[in-house]
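One-letter residues, chain by chain:
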Amino acid sequence: MVGPFAGFKWLALFANWKVFAEGFLTTLLASSLSLCLALVLGIIFGVLGSTHFKFPKAINRVYVEFIQNTPLVIQVFFLFNGLPHMGIMLPVLAVGVLGVGIYHGAYIAEVIRAGIQSIHRGQMEAALSQGFNYVGAMRYIILPQAARVVLPPLANQAVNLIKNTSVMALIAGGDLMYRADSWSSETLHYGPTYVVVGLLYLSLCFPLANLVRYLEKRAEVSA
Amino acid sequence: MIQLTEVHKYFGHNHVLKDISLTVQTGEKLVVIGPSGSGKSTLIRCMNLLEKPTSGKVVVDGVEITAHNAPVAKVRQQVAMVFQQFNLYPHKTVLENLTLAPIIVGGVAKEEAEESGMKYLDRVGLRAKANAFPSQLSGGQQQRVAIARALNMRPKIMLFDEPTSALDPEMIQEVLDVMVDLAHEGITMVVVTHEMGFARQVADRVIFMDEGEIVEQGTPEHFFINPNHDRTKLFLSKILR
Chain A
2 MVGPFAGFKW LALFANWKVF AEGFLTTLLA SSLSLCLALV LGIIFGVLGS
52 THFKFPKAIN RVYVEFIQNT PLVIQVFFLF NGLPHMGIML PVLAVGVLGV
102 GIYHGAYIAE VIRAGIQSIH RGQMEAALSQ GFNYVGAMRY IILPQAARVV
152 LPPLANQAVN LIKNTSVMAL IAGGDLMYRA DSWSSETLHY GPTYVVVGLL
202 YLSLCFPLAN LVRYLEKRAE VSA
Chain B
-7 MIQLTEVHKY FGHNHVLKDI SLTVQTGEKL VVIGPSGSGK STLIRCMNLL
43 EKPTSGKVVV DGVEITAHNA PVAKVRQQVA MVFQQFNLYP HKTVLENLTL
93 APIIVGGVAK EEAEESGMKY LDRVGLRAKA NAFPSQLSGG QQQRVAIARA
143 LNMRPKIMLF DEPTSALDPE MIQEVLDVMV DLAHEGITMV VVTHEMGFAR
193 QVADRVIFMD EGEIVEQGTP EHFFINPNHD RTKLFLSKIL R
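Residue numbers (our numbering), protein chains in the order written: chain A, 2 to 224; chain B, -7 to 233.
FYI, nobody ran anything at the bench for these hints, they're computed from the structure. Just so it is clear, the structure is predicted and the values come from calculations on it, not from any experiment. Take these hints with a grain of salt, some might be off.
[To be verified] Heads up, simulated SDA-like pairs for lysine to any residue below, C-alpha to C-alpha not over 25 angstroms straight-line:
1) B/K102 / A/Q124
2) B/K121 / A/H121
3) A/K218 / B/K84
4) B/K102 / A/E23
5) A/K218 / B/P82
6) B/K44 / A/E23
7) A/K164 / A/P57
8) B/K66 / A/H121
9) B/K111 / A/K55
10) B/K44 / A/K164
11) A/K218 / B/S127
12) B/K66 / A/M125
13) B/K121 / A/K164
14) B/K44 / A/K218
15) B/K44 / B/T15
16) B/K84 / A/P92
17) B/K84 / A/P145
18) A/K164 / A/Y215
19) A/K58 / B/S127
20) B/K84 / A/T52
21) A/K55 / B/N61
22) A/K58 / A/S119
23) B/K102 / A/W11
Chain A with its partners taken away, still in its complex shape (with noise of 0.2 angstroms):
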């Protein structure tokens, strides 16, 4: 009986190092779009959702409702499976992005709003009553104040978004957790695999979650 973390399973999987580095670039690639993503549409909808009226509020309570409270996995699967049917054929890459970036997106919304609502509405007053449109005084007075706010929170999910594009290993998007679960499926070297991935993806999301208790500390000694 071998053991599952026996010497010779180590140098296997040192020797195929480049399945493993392409795997973290690809996850690497794919966080990075899909957090693009993500901030675009929480800001997006972030806005909406703090608005005083009611149609963007809809809107921006479906998406995060929806988003929020089902699986991420069915939410790829989806777009894995249904967009092709509507004749939209992306690579895998791509449906991973959408997909956790629409994922994420909700969450960064929620973030935003409660960013945005947290400023002391005689912000917004003192813009409009200068001429600001309301657009303008978003841009200008409101979000560079939410966004000391929202920062810690923001990096958090940055942390989440990593760790949840490992989805991708579910539809062969070929980032780290494919090739590791491809690679050890071949060769039966699970163990050593597993540690390494794991390594892996703490080596991008340690340096992030330590950002994140950085910016906590700073904002509370501003506040």
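Dock chain B against chain A, hints included.
Coordinates of chain B only, in the frame set by chain A:
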């Protein structure tokens, strides 16, 4: 300059402005007094449409701002407001507070906005604080910056919504001094305040509001020496000890 016609304002079932008609002449200094909850803040906030009247008409500088699709933002550039809570932009320096709107909204060149900004800071005695942040200033200083910010818009009308009510007593005078100085300039001013000394000193006309109505109006002399209505007398007796 400002004309309100049959203005009503409801907050839910609360009828806070009851059929207000009022004209403010160009260059006039109008002081609005009254107990809290009388609708005086709502009245002044209708003048730049921070509150939208439930019904009635507001015309500012010839533009009916209550009309559908009225160029409200454009009119607001002419109507500066000073708030009870100052509402300075905390993420901007003092000078940036003065120049942001003129540059972005007014299309003024940065150098020009900064130059006139420094001039107005000088005028409120805070040139040395140009690069400070609002949080580093006292309440009185913040309110003087807010007045300078309003002035840097080159407004035709200045609205003051209880500008000294949030200040510590020892800081009230420095703000009032700036306002008195301003009043001598010919700019149109509408001031909601409890500072009766200020009203006496600069007002062309004083309006007393109670329960959403204009109860009485007249010159300061009429007002403080010989008011007609019992409600006015009662209020003045409470406030002038």
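Please flag the earlier hints that this structure goes against, numbers listed from lowest up.
-> When the structure is compared with the hints, numbers 4, 6, 7, 9, 10, 13, 14, 16, 19 and 23 turn out to be violated.
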